[in-house]
Amino acid sequence: MPSYATNMRLKFPIVALILEVITIILFAVFAVYDDGKGHGHEPHSNETHHEKPLDLYPMFQDVHVMIFIGFGFLMTFLKRYGFSSVGINLLLAAFGLQWGLLMQGIWHLDDGKIKINIFKIINADFSTATVLISFGAVLGKTSPVQLLIMTILEISIFSINEHLVANVLEANDVGASMIIHAFGAYFGLAVARVLYRPGLKNGHENDGSVYHSDMFAMIGTVFLWMFWPSFNSAIAETGFVQLTAVINTYLSLAACVLSAYALSSLVEHKGKLDMVHIQNATLAGGVAVGTCADMNIQPFGAMLIGLVAGIISTLGFKFLTPILASSLGIQDTCGVHNLHGMPGILGGLAGIVAVALGKTTKGTPAMQAAALASSLGFALVGGLLTGFIMKLPIWGQPPDQNCYDDSIYWEVPAEEEEHEESLAHGDHSKNKAEA
Amino acid sequence: MPSYATNMRLKFPIVALILEVITIILFAVFAVYDDGKGHGHEPHSNETHHEKPLDLYPMFQDVHVMIFIGFGFLMTFLKRYGFSSVGINLLLAAFGLQWGLLMQGIWHLDDGKIKINIFKIINADFSTATVLISFGAVLGKTSPVQLLIMTILEISIFSINEHLVANVLEANDVGASMIIHAFGAYFGLAVARVLYRPGLKNGHENDGSVYHSDMFAMIGTVFLWMFWPSFNSAIAETGFVQLTAVINTYLSLAACVLSAYALSSLVEHKGKLDMVHIQNATLAGGVAVGTCADMNIQPFGAMLIGLVAGIISTLGFKFLTPILASSLGIQDTCGVHNLHGMPGILGGLAGIVAVALGKTTKGTPAMQAAALASSLGFALVGGLLTGFIMKLPIWGQPPDQNCYDDSIYWEVPAEEEEHEESLAHGDHSKNKAEA
Amino acid sequence: MPSYATNMRLKFPIVALILEVITIILFAVFAVYDDGKGHGHEPHSNETHHEKPLDLYPMFQDVHVMIFIGFGFLMTFLKRYGFSSVGINLLLAAFGLQWGLLMQGIWHLDDGKIKINIFKIINADFSTATVLISFGAVLGKTSPVQLLIMTILEISIFSINEHLVANVLEANDVGASMIIHAFGAYFGLAVARVLYRPGLKNGHENDGSVYHSDMFAMIGTVFLWMFWPSFNSAIAETGFVQLTAVINTYLSLAACVLSAYALSSLVEHKGKLDMVHIQNATLAGGVAVGTCADMNIQPFGAMLIGLVAGIISTLGFKFLTPILASSLGIQDTCGVHNLHGMPGILGGLAGIVAVALGKTTKGTPAMQAAALASSLGFALVGGLLTGFIMKLPIWGQPPDQNCYDDSIYWEVPAEEEEHEESLAHGDHSKNKAEA
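Top line first, the protein sequences correspond to chains A, B and C. Yeah, the first sequence ends on 435 if you go by the UniProt record's numbering, and it's all consecutive. Yeah, the second sequence ends on 435 if you go by the UniProt record's numbering, and it's all consecutive. Yeah, the third sequence ends on 435 if you go by the UniProt record's numbering, and it's all consecutive.
Warning: the hint list may mix true and false statements.
Any copy, or any two copies together, can satisfy a pair, since identical chains are not distinguished.
What the hints assert, rightly or not - PhoX-like cross-link-like pairs, simulated, lysine-lysine; straight-line CA separation at most 25 Å:
id: 1; residue 1: K270; residue 2: K362
id: 2; residue 1: K113; residue 2: K201
id: 3; residue 1: K201; residue 2: K391
id: 4; residue 1: K391; residue 2: K37
id: 5; residue 1: K359; residue 2: K113
id: 6; residue 1: K11; residue 2: K362
id: 7; residue 1: K318; residue 2: K201
id: 8; residue 1: K113; residue 2: K52
id: 9; residue 1: K318; residue 2: K270
id: 10; residue 1: K11; residue 2: K391
id: 11; residue 1: K37; residue 2: K362
id: 12; residue 1: K318; residue 2: K11
id: 13; residue 1: K37; residue 2: K113
id: 14; residue 1: K318; residue 2: K362
id: 15; residue 1: K359; residue 2: K391
id: 16; residue 1: K359; residue 2: K52
Honestly, the hints are just simulated from the structure, not real lab data.
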């Protein structure tokens with residue numbers, strides 16, 4: 001039985017500060033600036049060469065926007081959980097990118113040092129994406145302390161799998177359909193399974209949106225959608241290969257929008273569009289084309305992948321998510337299974353086919369399949385283990401009735417309506433809603 | 001008399017999927033990646049040469065943000081139409097960029113193929129801008145199916161006019177004052193004229209903003225304002241000419257802000273600022289400097305153009321829009337005539353003068369005038385034809401009373417106020433407002 | 001006693017238009033495009049050489065986003081002052097960048113001309129940042145006319161101090177901890193002191209946030225946070241020095257997030273997080289690492305600076321701001337002392353230490369100290385003088401009861417609640433709330 005000692009006054013500050021101090025010490029020991037003189041093997045890449053140290057900087061900033069605005073605002077759709085969505089997203093990503101630099105860097109030491117450059121900070125941002133995807137599965141049901149623990153463990157496990165896939169199996173996964181999207185989704189679903197809450201099986205009054213919270217979420221959706229070509233091409237080989245990754249992603253996403261809208265209307269009451277589908281399934285094309293993004297699959301191939309991804313994702317939201325919750329005890333708040341899980345697997349499968357068809361000179365179908373299996377295996381086992389640690393009754397997990405509610409961990413201002421009333425009654429004091 | 005069979009359950013999915021499948025087939029036949037080996041004549045440009053395939057990528061992303069965040073959120077000012085504004089904007093632009101790649105590409109085939117590169121996807125994004133401008137004129141009064149039809153027709157007609165202006169007339173229009181802004185505005189106004197609704201001549205309760213919807217719209221405004229230098233310079237000749245286009249646009253927009261604010265205060269009750277003016281007229285400087293952006297008009301010349309544009313645009317919102325609606329039967333929801341129409345013509349006229357004064361080595365005043373006339377002609381005739389097709393009573397057009405209301409095509413969550421009440425009454429079910 | 005003639009109908013338009021016309025005349029006399037042939041000494045930089053005119057353009061756009069979205073939305077946290085926050089921010093920055101180009105340019109004339117290039121428009125954007133910081137101190141308590149006057153005076157004074165620091169003292173301040181952040185903060189605090197309002201010493205009913213206004217503010221926070229590496233590195237020497245500035249800022253900000261969250265929880269009731277801290281103190285790491293950003297302080301050094309900045313800033317919000325208001329008569333609406341003032345001084349002090357420790361080959365500790373003293377001196381004296389001019393009872397300053405309220409200078413739409421009622425009563429007229 002979890003403890004509901006949700007007062008974080010000492011617990012959270014101590015955990016956060018200790019983690020940060022340890023991280024700084026590790027940076028003092030291991031991290032230096034890249035001076036352009038080393039020749040480290042980069043993850044995901046065959047020693048991509050950039051003439052100038054900041055050539056990749058604009059793409060880095062696009063990825064940065066996806067991580068902090070994209071993921072952050074995508075999760076603000078919940079009516080009373082916007083502070084946590086964008087705020088805890090910032091916390092986890094800010095810590096995660098530091099941890100990711102260390103965890104990824106130890107596989108690529110250069111004279112015993114991690115030489116930080118733009119390529120490495122892009123990969124550090126990537127490593128946080130896995131955590132933010134998993135965060136979506138447990139959104140509203142976990143404390144900041146639990147989530148910091150998940151961040152450390154998930155990024156550490158991610159870095160092992162990434163190293164295995166990229167450097168041992170030498171598999172293709174430039175846009176990380178397998179090692180980020182499928183990994184992050186199934187890791188999060190495994191955690192959600194362990195943290196299953198029977199008390200929420202009939203839903204929760206705060207587990208839904210209001211009009212303006214859906215609008216905020218669209219900020220996240222659209223920034224993710226726009227910058228996804230950068231995500232899938234940032235670490236591709238420069239030149240025409242990178243151009244290919246941009247074009248494939250651009251087109252896959254465009255086709256995906258049409259199928260997501262079509263399916264949303266097809267499955268919904270009176271043919272109406274559902275914001276959940278629009279906010280999420282329109283992005284599935286970016287996920288699914290990830291593994292093949294830098295391959296010669298031709299524009300129409302990318303569009304077919306996007307078309308299928310939009311269909312699968314929308315159908316997943318409509319039909320599969322309720323079944324996962326009711327039959328398997330997996331309460332997936334944001335539906336990451338539909339946005340990252342299934343489209344990630346689709347991407348991995350498309351990669352196997354594309355390699356088999358000779359759309360790239362790198363890798364073999366067997367190694368692609370092994371990469372997919374490895375990513376799923378590390379995700380499920382890692383997620384279960386992490387879930388059990390997160391379940392320890394000492395991390396301030398919220399009780400069922402306070403789920404999906406910012407006010408348990410945040411000072412929340414009084415509502416405008418109440419404010420109106422307080423004005424009417426001449427009450428000038430600051431109202432703070434208390435849980 | 002239009003049909004009000006607004007249930008889109010089959011109509012919309014079938015249209016959307018068929019269009020996408022046809023598009024994918026056309027891509028399979030015509031579209032390949034640019035491999036840098038062709039020498040196609042690019043639209044708008046004298047074979048601009050870029051050393052690396054991704055040199056223009058950051059500017060592409062700026063334009064991308066203008067299309068999807070800028071236009072999308074600019075239209076969210078309506079209190080009950082935010083889902084449609086940003087959501088249908090995404091749908092139309094995602095389809096439009098695919099269609100634009102095809103329509104623009106067929107004028108520039110290379111060995112029978114459209115070779116996709118960053119330059120071409122910038123132009124594809126541009127082609128969608130015409131549709132999004134026209135969307136502003138009919139916002140709230142059209143169904144998604146009607147708008148998809150408008151997208152196909154408008155982009156097809158745009159591509160003919162663009163080819164004529166850029167390659168036959170060889171006119172200057174680097175920032176597309178004429179071929180995008182004036183074209184998109186007058187096309188949309190012609191459609192709006194055909195779709196005139198007498199039932200709305202006394203206004204509509206939902207045709208207005210609330211506080212937070214105006215805030216969302218400012219996200220659109222500011223992103224458009226910031227990235228407009230990229231819009232006007234993206235396809236300019238690289239080097240100092242491109243720098244000129246950036247600087248002229250930056251300064252024109254800055255001067256325009258001052259005149260838009262000044263005029264808004266001057267014409268409004270008690271000297272107050274009006275959000276409609278601030279959201280729109282501050283951008284007119286970007287539109288109006290478009291044609292001349294890459295010319296040697298000097299910084300103060302650009303600022304004068306911006307100053308005048310801000311004045312014209314604000315006065316248009318205040319005095320002309322009501323007259324258009326009452327006297328000409330043109331109900332222009334977003335006032336695109338004031339933001340894109342008049343400033344676009346101003347840009348075209350400024351271009352004629354600038355060419356006559358020798359501010360560029362390209363083109364002649366007569367060809368500039370012909371380009372302006374062509375753009376307006378294609379827009380008006382094309383818009384009227386398109387309007388008549390859109391008026392066919394089979395596309396699910398909304399009845400007057402459901403205009404400007406998301407709930408006719410979207411599942412809309414219950415309002416927060418209502419939610420408060422439902423909480424108070426212990427109602428835990430998900431409320432979905434039905435039209 | 002201030003005049004409360006807040007009707008701006010003539011006052012504001014005349015001031016705005018006259019300023020713009022004068023500015024255009026000055027541009028006609030002084031400003032030309034950079035043609036790459038001059039060799040002007042650039043501010044902040046030892047003749048940074050860029051191969052292509054647009055090499056810095058992506059970083060410029062990041063800075064542009066920080067100025068217009070970042071600062072603009074950061075200040076939208078007030079429940080009834082969002083239009084002014086983002087709208088007046090746009091006005092001041094649009095005017096300020098023009099004025100900044102002139103004021104900074106006159107120190108670096110080339111054949112009697114200001115040759116505009118990307119480097120110069122980045123610096124012009126920077127100069128507006130000082131004004132926007134000061135705006136934060138007086139937010140809600142000043143009229144647009146007062147703020148335009150502040151813009152002219154502050155940027156003029158800033159340009160003198162900048163010239164002194166960069167070219168006379170030859171001090172390091174690549175990320176402008178001293179010359180922008182500390183300067184802007186203490187300038188604004190000095191203005192706020194002069195404009196002290198005893199009537200607000202017990203607070204004001206509108207001086208607070210609502211849920212969604214805090215969400216809008218997070219848009220500003222996150223964009224500032226993400227793009228701060230561009231702010232601190234945009235004018236650094238290109239190559240590995242610029243990379244160092246990016247990495248130091250990236251890591252300082254990341255560490256700062258952890259300490260800001262930890263301290264917020266530590267000092268608040270029941271360990272809850274406070275949005276004011278999250279919105280602001282998470283950014284203090286970017287401010288504080290500014291002066292040292294391009295120095296060889298090593299990654300862990302940058303992180304230590306960020307860690308300390310997050311602590312200082314959060315403690316300042318909690319404990320110092322109330323004291324400043326009650327004891328010193330400094331009512332600092334946004335707490336700029338905590339975000340820009342103290343972290344700016346911290347940055348200046350860190351710079352002295354870093355130079356003393358030989359982390360850069362440029363400058364001396366004494367000159368760094370002189371630069372800090374100069375920045376504070378110009379800020380305080382300039383701010384006091386500016387405050388007295390702004391206090392003249394002719395600029396339409398709002399009375400106490402209308403502070404923090406858009407409706408005194410803006411047409412504000414009726415609230416949604418009221419709208420609901422008007423619907424219920426069949427009232428179809430447009431409601432405009434009047435002050």
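Exercise. Would you pick out the hints that fail for this structure and give their numbers low to high?
Key: 1, 2, 4, 6, 14, 15
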